[in-house]
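Listed below, chain by chain, are the residues.
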Amino acid sequence: MAEATPAPTAQCTAPIVRHRAATDEPIWVRRALIGLVLLTLGFLLFAPLFAVFAEALRQGLPAAVRSLDSPSGQAAIRLTLLVAVISVPLNAVFGLAAAWAIAKFDFRGKAFLITLIDLPFSISPVVAGLCFVLLFGAHSAFGVWLVSQGHQIVFAVPGIVLATMFVTFPFVARELIPLMVEQGRSEEEAALTLGASGWRTFLTVTLPNVKWALLYGVLLCNARAMGEFGAVAVVSGKIRGETTTMPLMIEMFYNEYMAVAAFTMAALLTLLALVTLTLKSLLEVAYADQLAATHRHH
Amino acid sequence: MNIDIDQISKDFGATAALHPVSLVIPTGKLVALLGPSGSGKTTLLRILAGLEFPTSGRVLFDGQDATGMPVQQRRAGFVFQHYALFKHMKVFDNIAFGLRARPRRTRPPRAEIARRVQELLELIKLPDIGRRYPNQLSGGQRQRVALARALAIEPRMLLLDEPFGALDAKVRKELRGGLRDIHDRTGLTTVFVTHDQEEAMELADLVVVMSMGRIEQVGTPEDIRAHPRTAFVREFITDSRAHVRPLLVRKLKTA
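If you read the protein sequences in the order shown, they are chains A and B. Residue numbers 1 to 298, in the UniProt record's numbering, belong to the letters of the first sequence in order. Residue numbers 1 to 255, in the UniProt record's numbering, belong to the letters of the second sequence in order.
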């Protein structure tokens, strides 16, 4: 939210005093602030977005489509989808498990666990990627052993999935923890006293109570999983057609002066993000509704 | 069902919520666990339900050791303090939950479930609210739905945690009668927790006064009123609103 700067009051000498709320700024201040926000947004958001699509379509839609019709371009799209399909559901499960543990049980080291969950937010993705390289790469005995067993982690798909999961781990958990803490455990306890098993309680009571927040977290997680660059760049080794995800492919195309291909791929990634954002906004409406009056939409 | 509490104690970390307590609750009685907050009454109720497990001691149901019996097998109808209705389910589905959760071979057919839910809705005198959501009900209605949901599993005992705590005075009076009525009709051994001595005295056959994790006295309301055994009981059962001030004055005078 834009913070209102204190307006210089020039009306001290004016004989007519207009009564207004203490937080109401003069009209010109409001207009200036709104204008400033629009200008910033236009400059930082709309212009680049427009530029991406404009550059992609500079030689027309057919040319744009054709530019992606290369084995490496296709492979990058497939790889990004594959990584998202693996890492997002796993992170949904892990996030749910972590939130469940934190919200429903008391144990020692709970505060520490919450801090740990937040770690990927504060650590640089490049550093995270480097950690995986050190852990699983040729520098460590563990990495060497894994390779000798025929498991290539670094510079292969498993490494990319690991790095993506590390970066996107907090999204689902962060959405769920406050909600589940607020809801407490009494509904679960009620289900247990009525004879429901733990699993049935989870499916019929816990999950329906958090479904909107879960979906919301999954969407955010997905958006980040498909767009992650730093951590993936380090672990992938950028082998063309094999370990190159969409964001990495964009950089390659761009460095090779293949502007149309680079911008078309970028536009595609942007479209995926826009779809996610739209879904998220739609969910926010439903979700706010649920929080306010618990299920009017049934 | 006869409930026998044999030297039950419960520690939460370093603090003792219950010192070893023993109590026999005879079949079919309506019993109040009465005490201020922190007296251990809710802990004791949750141990009976299988929501907590005692640090030491045994619980016997009809003479059978049930100390380690899992919550699902106890068939204890439990009414939670804020009712804990499933807010994403209609009233009908709330009440039907326990029947539907049964294993397939003992689960009644759909029509039978519907019939029983309707029967329970009539028992709580709210026959037409099956299709509503909990947030569309008043506090008193929610409490009665919670009661119906607990009764649906054909419980062996009924356990209620501050069943009237969240209601205003007028509704509270009405629902007290409702609980007594349901108890008398079903004949279930019923235990409820309250901090309101008037409620306990008016409603219960047997009052268990608790303080600081210990049972101070067990007796009929008349018995406890006529012969309070300890100073705590005497203080606590004189009308709670009226006794606060004299107590304070006395403390100030002696200070």
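None of these hints come from the bench; they were simulated from the model. There could be a bad hint or two in this list.
Simulated pairs of lysine to aspartate or glutamate, EDC-like, Cα-Cα distance not exceeding 16 angstroms [unchecked claim]:
no., chain 1, residue 1, chain 2, residue 2
1, B, Lys173, B, Glu198
2, B, Lys125, B, Glu174
3, A, Lys104, B, Glu52
4, A, Lys211, A, Glu284
5, B, Lys173, B, Asp196
6, B, Lys125, B, Asp181
7, B, Lys29, B, Asp65
8, B, Lys87, A, Glu251
9, B, Lys87, A, Glu189
10, A, Lys211, A, Glu182
11, A, Lys211, A, Glu189
12, B, Lys87, A, Glu188
| message | Against the 16 angstroms threshold, does the CA-CA distance of Lys211(A) and Glu182(A) hold or violate the hint? | response | Holds. Lys211(A) to Glu182(A) sits at ~15 angstroms (cutoff 16 angstroms).
| query | Hey, Lys125(B) versus Asp181(B), does the alpha-carbon distance stay inside 16 angstroms? | reply | holds (12 angstroms)
| request: For the pair we were handed, Lys87(B) and Glu189(A), check the Cα-Cα distance against 16 angstroms. | output: Roughly 14 angstroms separates the two Cα atoms, so the pair holds.
| task | Sort out whether Glu189(A) lies within 16 angstroms of Lys211(A), counting only the CA atoms. | result | Not OK: Lys211(A) and Glu189(A) at ~19 angstroms, beyond 16 angstroms, violated.
| said: Can you confirm whether the C-alpha distance between Lys29(B) and Asp65(B) stays at or below 16 angstroms? | reply: violated (20 angstroms)
| task | Take a quick look at whether Lys173(B) and Asp196(B) sit within 16 angstroms of each other, Cα to Cα. | result | holds (12 angstroms)
| Are the Cα atoms of Lys104(A) and Glu52(B) separated by 16 angstroms or less? | It holds: about 14 angstroms lies between the C-alpha atoms, which stays within 16 angstroms.
| Is it true that the CA of Lys125(B) sits at most 16 angstroms from the CA of Glu174(B)? | At roughly 12 angstroms apart (the allowed maximum being 16 angstroms), Glu174(B) and Lys125(B) satisfy the hint.
| query | Does the structure keep Lys87(B) and Glu251(A) at a Cα separation of 16 angstroms or less? | reply | violated (49 angstroms)
| task | Given the hint that Lys173(B) pairs with Glu198(B), test it: the Cα-Cα distance must not exceed 16 angstroms. | result | With Cα atoms ~11 angstroms apart, Lys173(B) and Glu198(B) stay inside 16 angstroms; holds.
| query | Quick one, are Lys87(B) and Glu188(A) close enough, alpha carbons at most 16 angstroms? | reply | holds (12 angstroms)
| field | Hint consistency between Lys211(A) and Glu284(A) [alpha-carbon to alpha-carbon, up to 16 angstroms] | value | Within the cut-off at roughly 12 angstroms; holds.
In this structure, the hints that do not hold are numbers 7, 8 and 11, in rising order.
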